[in-house]
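Chains as they are written, first to last, in my numbering: chain H, 1 to 248; chain Y, 1 to 300.
For the record, the hints were derived by calculation from the structure and aren't laboratory data. Honestly, I wouldn't trust all of these hints.
Heads up, simulated DSS-like pairs for lysine-lysine below, C-alpha to C-alpha not over 27 Å straight-line [what the hints assert, rightly or not]:
hint	chain 1	residue 1	chain 2	residue 2
1	Y	K197	H	K91
2	Y	K94	H	K121
3	Y	K35	Y	K197
4	Y	K94	Y	K197
5	Y	K35	H	K100
6	H	K91	Y	K35
7	Y	K35	Y	K94
8	H	K121	H	K91
9	H	K100	H	K121
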Amino acid sequence: MTILEVDGLHAGYGQIRVLHGVGLSITRGEIVGLIGANGAGKTTLLKTISGLIRPNGGRILFEGRDIVRLPAHRTVEMGICQVAEGRAILKRMTVLENLKMGAHTRRDAGVDADIGQILRKFPVLDERQTQLAGTLSGGEQQMLAIGRALMARPRLLLLDEPSLGLAPMIVTQIFRTLRGLREEGNTIFLVEQNARRALQLADRGYVLERGRIALEGSGEDLLNDPGVQRTYLGKQAETTGNRQTRLS
Amino acid sequence: MDSQLLVIILIDGLVYASYLFMVSVGLTVICGVQKILNVTHGALYAFGAYLTATLLIVYFEAGWPQFGAFFVMLVSAIFLGIVLGVIIERGLLKHLYHEDEHIVVLATFAAFLVLEDVLLLIWGTDAYIAAEPLMLLGQTDIAELPFDNYSLSMVLLSAVVCVILWYGLRRTTFGKMLLAVIYDRELSQAMGINVTKVFLLTFIVGSFLGALGGAYQAPAISVQPGIGVEVIVLAFAVVVIGGMGSIPGALIGSLVVGIARAAAVHMEPVLELFVIYMIMAFVLIVRPQGLFAPAKPRKI
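Extracted from the complex, chain Y is given alone in its bound form (with noise of 0.2 Å):
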């Protein structure tokens, strides 16, 4: 394998994972802490997608300031965590918080079809694009060939997203409080913790999370109909792999399966999408409960 080839396999596997930990890590954190396996949350990526498009084409056509571009997916990604994020957690995640998880799985899984066609009444089947932001940043040579310096700002992207959530869990009351729901949820309600409002306000992050995913990619897609559904199963995959609830893990399982997709795609590219799933059976077999959760006695 000569060189060049590893570069690009490092840098679009790089941009792959950063893609991949964008969405999967507001997955892990509401799987950590509402322990629920949240399907809505590829609604939300999609949301966020289809939103920024349009207001990007809108924005863009009255000619205001360009950079005010990534304003714009920041605002919206806000908007939507906390519109969707509330209607989702107190119209429907809150009454089934004492049920069996499959049941959980099944309603976000019902919630997520009803808003995919949401989404079709809204924006209807058409495809739409809005690439300036992509254009705007232009392209860097890397080993003598052209990358999107927007694709590689998604890498800058989320280590700041990463960095950010790790000093939010880390250093402020509010991320210990949440992490204290995580490990003993319990004990965290007899210490005086307000489980009801962690719960509200995790999932309002975690959604905005998704939706900011969503945001950030749509200048580099077409979006269109079914991209919630892809990206939820791609999420999942990573979430399995790392540990479900873990944010290192998720950090970890987009790095294996972006890097992995990206040299299958560079080196045998009929294997794209089999690689992911063949790692993420791999991990099932020999780690069921992912790289990085603790295990634990199955509740039955």
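In isolation and in its complexed conformation, chain H is listed as follows (with noise of 0.2 Å):
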């Protein structure tokens, strides 16, 4: 079932038009990677989605409803919930206060009960619970990022480059948190520009160039489409090392 259909769509910041005309879906419970150029577009089109831009055209289905007029508060509280590049996370709160300004749209009584599952699952947040949060390596960071975005039960989470600028070790980490993630039954967009994990992790995957949509497909076609690799994977004609020599 769609969860989240975008459908010609034109955004920018003021004259300055980056996506022209992007179109793609999202079915619940799934992975969809988001692979592109730096300058491509893909924090914009997170941001058109989650309301914090405004379009010049084009329509965002949410579950059937438009959503392309509705500010980011609106649209959180539908339960679109979004983990911005960087470190998302208020660094002069704790990291208990992030976790409960994560569910501050709830008004049911399961908040507590959610923040001790969210803890469960971050160990290493839970030894941190009353330490600011800017004092946090920059994986826990990220862990109590998206920890906080699940704290408000999103239907659709939309994750802006969650392993930039971590070590390939956390990213390893941070990628396992994810497919457990999927697996509880979440429906995650996964914008990357770790191209390889992301594809490798994603069901399905679009790539964006300038602003449009270029390729779509299986996260395993696309791993394996020449194009892709000779772009987004550094891969040369023959398919031995591991090295990377990305274009970015």
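Hints given; two lone chains; assemble the complex.
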């Protein structure tokens, strides 16, 4: 069942157009990856979906409802939750406060139970409950950002470059977490520069080039696509080593 | 320096610091959340003083229970905070959030001038004196010197305001949302905080605090044209010293300025105003972002 459908989306900043008619769809329970070079419009697309940028044209249907005119706080209420690029946390609040802030739209009694669940999912956060979020390591901050977003009980989770600037081991950990989230039934739209990891994890993927969807397919198909390999996976004609010479 | 002088300086300084805190805390809250320098704050103070003085005169002529006067002050401040706060934020500031900060200062300055004239239209150039609450509380001797209990009660009021603000910010959901907006506006938006609503409510609270400063000060002064300008200049000095947008900054800034001024008044009266701006200049030289605000890279 389709949860998000984007159709002919045009958006940008003031006079600068970034997206030129983007279309894509996401089905409940899958991880969809979006890869593309710097400046292709990946972050703009996420911000437009979550309502931080008002598009110049096109449709965004979330569970059948047009959300194109809704501001960000309304889309969050509807169940779209974004983890922005970088460390999307409140650095001067504690870990626990960040998690509580994530649930600020909720009125139900399950918040405390959910906090417990998140802390079990991320044991490093459990040990640092009362620590200021800004004092956590990069990987811990990213986990907190994801945990915070989960506190809103999102129906669709938008992740912007969760692996950015993290050590390879931590990246592995983050991606393992994302896989676990899918198993629990979460729907994730994952924007990544780390194309290989993203496509290995994703059920389906899109390639964004200069504001347009250039390619789409299953994660595996895209991984095997010669064009994608050349541009985003840095593979030469012979694919032997794992050395990446990424273009960006 | 004998101990009596020291006591006088400390108490006078504390009283003056309370007054400064009352008028600067609203300014700094608005500055922190909305990132604007709100010159209309001075007008809110003046409106608070005028409205309260007028109402108190009527109130005491009617011979109602005397302690109800304090209720009158609170009600006028709430009334002004909501009415003027909503008019200024929805009517003017809302359209300026995307503009350069210099334009916003100029716009609030223009609005301040307009409001000053509105004051003159309503109340004219006469001075209003409503000192009954001041008489009501009597005096206390400290170190063989009489102090107005009303002035001393200002210290209590600021302490109460300070505690309520601290509690409101740290312990309530709205306060945490407000802090989130102060720390990171875009992230707060992405987290689903309705920033438009937070801005409006913050401005109402800030305006209320400005009006409350005027309302509570009204019985202690002669309410006349020009009090708004005086206050906005002092409040800016305090906020600059403490760090724009920082509540602890406003507290410490008020104490530093208040006690320094009291010391000047009692030891070298000609330096009364000089001392305030000297501290401000000194802070601007050694720590331009103010004592409590974290250093931030300047946006170009």
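In rising order, the numbers of the hints this structure does not comply with: 2
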